[in-house]
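Given chain S, put chain F in place with the hints provided.
Chains as they are written, first to last, in my numbering: chain S, 1 to 773; chain F, 1 to 159.
Simulated from the structure, these hints should not be mistaken for laboratory data. There could be a bad hint or two in this list.
To list a few chain S residues with every Cβ distance to chain F over 12 Å, as calculated [stated by the list, open to error]:
#1 Leu-25
#2 Ile-149
#3 Gly-209
#4 Arg-464
#5 Gln-671
Pair by pair, the computed Cβ-Cβ distance ranges are [to be verified]:
#6 Val-6/F - Pro-134/S: 48 to 56 Å
#7 Tyr-157/S - Gln-46/F: 37 to 45 Å
#8 Ser-245/S - Lys-5/F: 36 to 44 Å
#9 Tyr-157/S - Arg-126/F: 52 to 60 Å
#10 Leu-598/S - Arg-36/F: 37 to 45 Å
#11 Asp-468/S - Arg-36/F: 30 to 38 Å
#12 Met-694/S - Ala-75/F: 27 to 35 Å
#13 Asp-511/S - Glu-155/F: 44 to 52 Å
#14 Glu-155/F - Gly-582/S: 42 to 50 Å
#15 Glu-33/S - Gln-18/F: 20 to 28 Å
#16 Arg-36/F - Arg-124/S: 21 to 29 Å
#17 Gln-431/S - Glu-127/F: 25 to 33 Å
#18 Lys-5/F - Met-694/S: 28 to 36 Å
Keep in mind it's a predicted model, so treat the numbers as computed, not measured. Yeah, the Cβ is synthetic: ideal placement off N, Cα and C, and Gly gets one too.
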Amino acid sequence: MSLDQPEPIFVGGTVGQSVAKTDSLEKVQGRAEYIADLYRPGMLHGAILASPHAHARIRGYDLSEAMQAPGVVAIITGDDVGEGRMGAFIKDEHAIAKGKVLYVGEPVAAVAARTEEEARHACRLIKVDYEELPAVLSPEEGLARDAPILHEHLAEYIKVFDAGSDGNLCSRTELSEGDVDAAWADCDVIVEGEYTTQPQAHVSMEPCGALAEVDAAGRVTLWSANQSVFRVQANVCESLGLPMSRLRSLTPRVGAGFGNKMEPHIQPITVALAMKAMRPVKLILSREEDFEMVRARHPYRVRMKTGAKSDGTLVARECEVLVECGAFADDSPGVMGYSLLMCGGPYRIPHMKASGKLVYTNKLRFGAFRGFGNPQVLFAGEQQIDQIGEKLGLDPFTIRRRNLLRRGDQWFVGPRIGSNGLGRCLDAVEQAAKGARADGSPRNFGLAVTAHISGLLGTGAIVRMLEDGTISLNTGATDIGQGSDTVLAQICAEELKLPFDQVAVASPDTDGSPYNWGTTASRVTYTTGRAVKAAAKKVVDQAMDHAAEILDCDVADLELREGGRIGRHGSNTDVTFAQISGRAHWAAGGPLVGSETLVFDEPTHDPKRAIALGLPFPRIGVFSFAALGVDVDVDDTSGQVSVHEAWSAADVGRAINPRLVEVQLHGGFVQGLGYSLYEEMVWDGARLANPSLMDYKVPTARDVPDAIHTFIIEDPDPTGPFGAKGAGEIGLNAAPGAIANAVARATGARHAHLPLTGERVLAGMLDPGALQD
Amino acid sequence: MMVKKVLHSLTLNGEEVQVATAAGATLLQTLREDLRILSSKRGCNQGVCGACTVLVDGTPVRACLTLTARCEGHAVQTMEGMDGDRVMATLQRHMVQSGGVQCGFCTGGVLISARDLLEADPTPSREAVKTALSGNICRCTGYRTIVDAVCGAAEELSQ
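In isolation and in its complexed conformation, chain S is listed as follows (with noise of 0.2 Å):
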């Protein structure tokens, strides 16, 4: 089979039907249930009280006014909660400020009252003695020899890697293969710059909540918004000691996530005020405290060199990144180690060195955010291929055709490539947006390629039967939105050949769902569904052998029927879902239930291949690919950027529901516009000085272009359910890259820094040629 051609794969049933998500009619109906419009009996609200000081000691509290203003039950303190420390890779947060608080914003305090008003209201009543220490508010200053140091204890912290943590550094990642330092003198050309890329914020339109209650046995129910209701469960019983079979994780419907709701906002906080008030307290932030309270995208400083011959072959590439980590590791371990996998990008690049530090500062925790870290080294990457290609006269389409990396490489450090549609993508942006526009003006025209994992950690799935022959699935992923649960139900649906609706997707609950990682690293599609598949799969096997004893024969002459039906080859006679499933529920063998749990197994690193040190994730996933052009306008006066017209090509691998993949692919570019060209939070010294949506900027219908066309390729993945790869975070990372090539290519000028502004891009209008500073 040639590279590049889709293997042949069973077609039918609704994989591959663009069918109207499951949760639509609802949503539009405005009758779907978020955290917030979750009420119990007898339920308070709760207030946060936010540190105003970046980095001071805490040295008590009064809580004698505020505990007698009206309508407060409980006030929580980091007196309340224990030593207790949660975090994916190091576990170096408590529930609450405990001893120090460590950013401007931090939870200190927090009140359970009848209202919210009055919660915050108590709040401003209790009175904290501080003792303010020197903040370190930038990676650089955290490095310094006489720096503050946030982490005291940070020796003694539980990390679930080789971080090499010390003093404020919270993590170094240093992976290499070939030879760079030798490299260089094989180069025709070599190109290199610094960049910095600003902090974004999620925005997702809901702001973080969380409802908990305990029961008279002191066993707790916590409902919130999330990616993953186990990692909540398990942030939670971490930061506050509770055994984990003490705590029960639900999720109503989630208003988006985008990497903000996967690891713990609010959720530990809420459960110790509703263990304190033992009545339910529901939890919910403001938008300012949505964005001063729970984590964003890291600022990086990207050093880069690449280097090529002249036939546009690259050699060499080395890539050093400063990443601000905030005041708490979160996922920021991982986000580094991930962009230094991703920051050679989709290419043949025989040496390679990456290496970076990640820095503990007295700011919020930044943290998973789509693309990972990806489309801050892509930013870098990107521009140096097209330098490189301007400087050897190939064209931006030819310079990453004669390097790309093809199906059975190995990625930087060793993962194996499996299907790879890159070349085909590169082909449907070259073909659509040749030419001139539709009035004859010449485009501005940027290009970008990309590829990301989707895989990462373990995932599950139960199928049963019911009396029926209809279906319940279970998987406890979280549907943050994106149509998970109607995917997943399509792969259920057409595994066992029902019509789709017939298959119901039980909601996320710690008691009674499998495990499942969560919904992030563009992972529930290929993951999940292959859980799925494989459940369903044995529910099948399970009927063909009930059939085979109702209808006397073996299960080889058996098939599996379209509508749940199951005969004999060659014979009209067939017995349905519906009277297996009662045989097997009143009658012999017992209900029908599949289950299956898989972890991503395959390994990162090859030893014999690379060096790598202090890499978070051992086990990555397979390889989604995607090329994306622009064509942009510069306005000559003020320097402003729009996106005339967009063409964005993914390999999803198969899409499932291609409508689906589309908007990932429409919404994930227009959020990589918004951090492209305006989108940035920005700090007044130690404060966040715009934590509003008055003044953060992100795009709205108005600053979109029409034409943003989407071209779904599929290479399917031998490993996926049906062929399919992740599509979630593809479609946003090559979007820096894209619209800084395509205002280079409009103004002549290259920029190293993000985002793209009007003042930016015109300083560069007026002094083309330099990297701007």
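What follows is chain F alone, placed relative to chain S:
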């Protein structure tokens, strides 16, 4: 801290209601906390995101910026009261079909703004749709499928 409640009379989704709500409460607070009308969402509480959009006397307003006291004697309509509205039903159907519904948190506000546009301009251009929706932030879709849905509904309704 004053917890004084004030009694207001207004028409909610066609029914006369009397509601005791905190003095100075916004319509969003009263709808959600006192009347349990939950389709109107608190996305920003600053009048920027549009997720709380409702109709007062038929005109879209930000419930988070509207004082309940100002609604005394006026007619408030929310998504809960849109059953039987032909324009809304058509918009809803097109939103479902186009993929314009993702997380859904903005959807109610988007639909109320879109319905208001179609009442005023039954055959809007795409640019007019984008302008009409520019006060409703959606972080999921990139707007393309939402604009498609509104244009599709307009086309169907004008036939």
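Do the hints match the structure? See the list:
For Leu-25/S, the requirement that its beta carbon stay farther than 12 Å from each beta carbon of chain F is not met, with the minimum near 6 Å. Annotated as non-interface, Ile-149/S keeps its C-beta farther than 12 Å from every C-beta of chain F; the closest such distance is 37 Å. Gly-209/S, annotated as away from the interface, has a beta carbon of chain F within 12 Å; the closest lies near 10 Å. No Cβ of chain F comes within 12 Å of the Cβ of Arg-464/S; the nearest lies about 27 Å off, and the non-interface call holds.
Its closest Cβ contact with chain F, about 7 Å, brings Gln-671/S to no more than 12 Å, contrary to its assignment away from the interface. In this structure the supplied range 48 to 56 Å holds for Val-6/F paired with Pro-134/S, their Cβ-Cβ distance being about 49 Å. Range check, Tyr-157/S to Gln-46/F: Cβ separation about 38 Å, and the 37 to 45 Å hint holds. Ser-245/S and Lys-5/F have their C-beta atoms about 43 Å apart, which keeps the hinted 36 to 44 Å range intact.
In this structure, Tyr-157/S and Arg-126/F meet the distance hint of 52 to 60 Å, their C-beta atoms being roughly 54 Å apart. Judged by the Cβ atoms, the range 37 to 45 Å given for Leu-598/S and Arg-36/F holds: they are separated by roughly 43 Å. A C-beta distance of roughly 35 Å is found between Asp-468/S and Arg-36/F, which places it inside the suggested range of 30 to 38 Å. Checked against the hint of 27 to 35 Å, the pair Met-694/S and Ala-75/F passes, with Cβ atoms roughly 29 Å apart.
In this structure the hint that Asp-511/S and Glu-155/F lie 44 to 52 Å apart at CB holds, the actual value being about 48 Å. One distance hint, 42 to 50 Å for the beta-carbon pair Glu-155/F and Gly-582/S, holds here, with the actual separation near 48 Å. Between Glu-33/S and Gln-18/F, the C-beta spacing of about 26 Å keeps the proposed range 20 to 28 Å intact. Between Arg-36/F and Arg-124/S the beta carbon distance is about 28 Å. The supplied range of 21 to 29 Å therefore holds.
A hinted range of 25 to 33 Å holds for the C-beta pair Gln-431/S and Glu-127/F, which are about 28 Å apart. Separation of Lys-5/F from Met-694/S is about 30 Å and conforms to the stated range, judged on CB atoms against 28 to 36 Å.
Figure legend: structure checked against the earlier numbered hints; hints not met, in rising order: 1, 3 and 5.
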